[in-house]
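2 protein chains.
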Amino acid sequence: MPTINDIAQKLGISKGTVSKALNNADDVSETLRKRVLETAVEIGYQKNRIRRNAPKKLCIIIENMDYKSPIGFGYDIVMGFRKLAVPDGWEVELVEMTAELQEQQSYDVFMLGNEYKGAFILGFSLTDPWMEELKTASTPAVLYDNYIQENPVVSYIGINNEEGFDMAVAYLKELGHTRIGYLGGAMESHVMKARYSAYLRAMEKNHLSIEKETIGYSYHISECTQKYLPVLLQHKVTAIICCHDALANAVMTHCAELGYRVPQDISVIGFDDASFSAYTIPPLTTIRQDRNALGRCGYYALTSLLNHTAISSLLLRAELVKRNSVDVAKQ
Amino acid sequence: MPTINDIAQKLGISKGTVSKALNNADDVSETLRKRVLETAVEIGYQKNRIRRNAPKKLCIIIENMDYKSPIGFGYDIVMGFRKLAVPDGWEVELVEMTAELQEQQSYDVFMLGNEYKGAFILGFSLTDPWMEELKTASTPAVLYDNYIQENPVVSYIGINNEEGFDMAVAYLKELGHTRIGYLGGAMESHVMKARYSAYLRAMEKNHLSIEKETIGYSYHISECTQKYLPVLLQHKVTAIICCHDALANAVMTHCAELGYRVPQDISVIGFDDASFSAYTIPPLTTIRQDRNALGRCGYYALTSLLNHTAISSLLLRAELVKRNSVDVAKQ
Numbered sequence: 069m070p071t072i073n074d075i076a077q078k079l080g081i082s083k084g085t086v087s088k089a090l091n092n093a094d095d096v097s098e099t100l101r102k103r104v105l106e107t108a109v110e111i112g113y114q115k116n117r118i119r120r121n122a123p124k125k126l127c128i129i130i131e132n133m134d135y136k137s138p139i140g141f142g143y144d145i146v147m148g149f150r151k152l153a154v155p156d157g158w159e160v161e162l163v164e165m166t167a168e169l170q171e172q173q174s175y176d177v178f179m180l181g182n183e184y185k186g187a188f189i190l191g192f193s194l195t196d197p198w199m200e201e202l203k204t205a206s207t208p209a210v211l212y213d214n215y216i217q218e219n220p221v222v223s224y225i226g227i228n229n230e231e232g233f234d235m236a237v238a239y240l241k242e243l244g245h246t247r248i249g250y251l252g253g254a255m256e257s258h259v260m261k262a263r264y265s266a267y268l269r270a271m272e273k274n275h276l277s278i279e280k281e282t283i284g285y286s287y288h289i290s291e292c293t294q295k296y297l298p299v300l301l302q303h304k305v306t307a308i309i310c311c312h313d314a315l316a317n318a319v320m321t322h323c324a325e326l327g328y329r330v331p332q333d334i335s336v337i338g339f340d341d342a343s344f345s346a347y348t349i350p351p352l353t354t355i356r357q358d359r360n361a362l363g364r365c366g367y368y369a370l371t372s373l374l375n376h377t378a379i380s381s382l383l384l385r386a387e388l389v390k391r392n393s394v395d396v397a398k399q
Numbered sequence: 069m070p071t072i073n074d075i076a077q078k079l080g081i082s083k084g085t086v087s088k089a090l091n092n093a094d095d096v097s098e099t100l101r102k103r104v105l106e107t108a109v110e111i112g113y114q115k116n117r118i119r120r121n122a123p124k125k126l127c128i129i130i131e132n133m134d135y136k137s138p139i140g141f142g143y144d145i146v147m148g149f150r151k152l153a154v155p156d157g158w159e160v161e162l163v164e165m166t167a168e169l170q171e172q173q174s175y176d177v178f179m180l181g182n183e184y185k186g187a188f189i190l191g192f193s194l195t196d197p198w199m200e201e202l203k204t205a206s207t208p209a210v211l212y213d214n215y216i217q218e219n220p221v222v223s224y225i226g227i228n229n230e231e232g233f234d235m236a237v238a239y240l241k242e243l244g245h246t247r248i249g250y251l252g253g254a255m256e257s258h259v260m261k262a263r264y265s266a267y268l269r270a271m272e273k274n275h276l277s278i279e280k281e282t283i284g285y286s287y288h289i290s291e292c293t294q295k296y297l298p299v300l301l302q303h304k305v306t307a308i309i310c311c312h313d314a315l316a317n318a319v320m321t322h323c324a325e326l327g328y329r330v331p332q333d334i335s336v337i338g339f340d341d342a343s344f345s346a347y348t349i350p351p352l353t354t355i356r357q358d359r360n361a362l363g364r365c366g367y368y369a370l371t372s373l374l375n376h377t378a379i380s381s382l383l384l385r386a387e388l389v390k391r392n393s394v395d396v397a398k399q
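Those protein sequence lines, which keep their order, are chains X and P. Each residue of the first sequence is one higher than the last, beginning at 69 in the working numbering. Each residue of the second sequence is one higher than the last, beginning at 69 in the working numbering.
By construction, these hints were calculated from the structure, which means they are not laboratory data. Be careful, since some hints might not be right.
[Claimed, not checked] If the Cβ cut is set under 10 Å, some of the chain X residues that face chain P in the computed set are: (1) T99; (2) D234; (3) A361; (4) T377; (5) I379; (6) L383.
For every residue, glycine included, the Cβ atom is placed at its ideal position computed from N, Cα and C.
Use the sequences and the hints to build the structure in full.
As structure tokens, this is what we get:
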């Protein structure tokens, strides 16, 4: 195992200086500290050897997700994670992340520099710089809704999207719908790709035909509602499944503007069961993610990785929450 | 919540008799006890209400798998499970299962009758009668290598087969192999289907062509080695991936008999890393399943189900263990 001595020799500085840099002493410059950390990661120095009484720290790294307000999507995920981690003696720090910050230092250097033993990462897109680094990172990380192949210290947790779409499509089919469209987000995210595939697969499984005119996806909700929704309606869909509830809500509003009643003329199903979804007009039928359970499973997967149990993926069941945005198909 | 009274009324017997039947009293006939249990399950009576000081019992249900000897495949799985369950105060009973026993009583009735709160099920094939019942069962069950759709009290745990085959195929390709055959077990098992699909997917991902003559699968190892292996060799495969190590070992022996040297003429990769795989001639390169970790994850998934966290699947990373049955491709 590499020691402080190895770092000192490699950089031609004293062991004392290395130790100070690793322990965030005030009298070490930021530039030197950065070099020490980078060298430490490079030679595989283990962070749990920094000092004996080092804090037991985990972090939740969040991007593109509200977690501060109880109605924010991340709130219950963070809550579920903390609820198990804190009684186990962990300090859990929340870190808001951006692509710029990721470019400034590598994931492993960031984790070592902050003495975090592991990270629970929420909201990353496929273009985030750390997504590439995580393929070979050595500090345990659990990613919500993102999958990294083969690295035994990285896990993927999420919802079984395929089951969610199977349930939604089977339910619509039962009510007589055969022309079921899909509106989704841009393919720069693992989960948007997964949900789109899940839609295609569920349609096929239920022997329903798919047309390219009844599918639309875009980064912008407005593009989905203004560009794609009218095309779907022209092509006589009787139901639309949306990749998330905010989009489903916008779709319902725009259907009304275009003279279509939800659910009498057109049925709409969302995904997530966001906090507002019971209060839309009409209340939204949606595929629920149990966010508190996601947080708990995130903690379980992270402690498993810390104990050298290499979890590849942990998926929760989806649940179809039936409200009022779905009706029998209009003849 | 249904009570003992509801069972008594439904059967037209006294509450006392129902209680005795549920508590295995000697003075209740087996026939009556069976009717009480079946009625209890039918109306959704909850087993944790049987009596206040009921034992905290889980079971591991095993079929077609050696778990008694330390070299048996199931031994470490059972060990990993018990290692976590017992300190948590659970009694863990091992139950050897057959299709006949499954036909005699339903899963839920069996669980209620034995006061088991949950089951970890190993070695079931798709034709086992309880596989159908598990789709709607109400007693938590974690299945190793079997997947039941949608039921929120049933989880699937196993190894990420796709990653395992990706690693094996990529490794062989690196060594110059392009003609890689597959020998597998019969498709009556979920995991055999999954591994066959994983092989096809990995070949496609690595841009290698697949021919139907270089694929064989059968319930009988002898059919694989005597019928399919010669065909694979005639079709000039330079490497063979087998669905489990016992088959891989038989394939190596038969290659030698047919005048092919392993690994000089033909490379062989197994799956599982069975206890004998380090001692075959030559020692077998294989895709490892961490069986102790499988047992630990089985326990985690089962306690999650008992706490109403609906885990759909939990997959562990596969690991490629490189020994001596693989060499560079012969030109």
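Cross-check of the supplied hints:
| no. | hint | verdict |
| --- | --- | --- |
| 1 | T99 | violated (38 Å) |
| 2 | D234 | holds (7 Å) |
| 3 | A361 | holds (5 Å) |
| 4 | T377 | holds (5 Å) |
| 5 | I379 | holds (6 Å) |
| 6 | L383 | holds (5 Å) |
Figure legend: structure checked against the earlier numbered hints; the only hint not met is number 1.
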